[in-house]
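Enquirer: Sequence:
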Amino acid sequence: MSDWRNRPTLIENWNKDIDTFMAIDENGTTDFKGIQKKVKEDFFSTFGDQSDIVLPHDRWFTITGVVMERNNFVSFKDTMNSIKYGYWNEGKYQYKKGLQRVVLHSREIRKKEGPFNPKVINYGELMGDISSLVEKTNFKIFSSSIDKLMHTLSYSNPFPVYNLCLEFIVERYCRYLRGSGKTGMLLLESRGKKEDKIILEHLVDLLENGNRYWGAEDFQCIKGVYFNPKWCFKQENQTSFILLELADLVSYPIFKYVSVDKKDRAFEVIEQKIHNYPQYSGYGLKKFP
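In this note's numbering, the protein residues as written are -4 to 284.
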């Protein structure tokens, strides 16, 4: 049995035998407690519309995977590096932990923090370059979102939303791989040894045993599951894992779209990359329940 099945493992190189990678990011929280409390507090919830008792951003949880083929990675890497070197000296910034490679982190970008402070760079130009990078890069999107309020109201013992969202996109990724005769790997951002181990165990069980809808043979196209941090500590944080950055940039616009049911410019930039566009509902973009 391969090491990656036994413990959360970092990957640094793209094996030449692997056709695609799916890098994964998430938005929202997996916690049900706040929603369950609000449902209990709503005395008339059984008789009326409960849709307004939870704010949209607290109500939804989203996991998004970006799938890139091996032959598209080099050009993506070159463009990503040209942006970083163009705005920061040697593509690095003095973070609290020292001089590190700039990571295009969606939350910091939106809040204009750290390396994205307009006093540090030309923020407007950077936004244009990031939009161009995402628009011109060749990749596919598989995303799933769970309405935690409706999930809570529909099930007495709601299934963990992270695991459920993850299964939805892995199922669809594998269906795409089988249809194209390709192989793939999963890349998740490391959250900590305990958290990573729980996720790995769930994924290994899915890949080896299948689920109620798909057999183990349907998941054989996945050849590995890996957990990488934002920065490569083996190189003293002087490099980053850019596929995870792409997933981070893409996931928030989708989370925002499903939360408020309104397309903004950021969503429009990525919409055509959602698998099975324009009929992506239920395919590249899954909403549950």
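Derived by calculation from the structure, the hints in this document are not laboratory data. Please note that the accuracy of each hint is not assured.
Each computed SDA-like pair below joins lysine to any residue, with the alpha-carbon atoms no more than 25 Å apart [stated by the list, open to error]: (1) K72 <-> F262; (2) K131 <-> E212; (3) K268 <-> N66; (4) K177 <-> Y82; (5) K258 <-> I104; (6) K107 <-> K131; (7) K251 <-> I217; (8) K177 <-> E212.
Note that the structure is predicted; figures quoted are calculated from it, not measured.
Enquirer: All the hints need checking, so say for each whether the structure fits it.
Expert: Hint check:
{"no.": "1", "hint": "K72 <-> F262", "in the structure": "holds, 22 Å"}
{"no.": "2", "hint": "K131 <-> E212", "in the structure": "violated, 34 Å"}
{"no.": "3", "hint": "K268 <-> N66", "in the structure": "holds, 17 Å"}
{"no.": "4", "hint": "K177 <-> Y82", "in the structure": "violated, 37 Å"}
{"no.": "5", "hint": "K258 <-> I104", "in the structure": "holds, 19 Å"}
{"no.": "6", "hint": "K107 <-> K131", "in the structure": "holds, 24 Å"}
{"no.": "7", "hint": "K251 <-> I217", "in the structure": "violated, 29 Å"}
{"no.": "8", "hint": "K177 <-> E212", "in the structure": "holds, 14 Å"}
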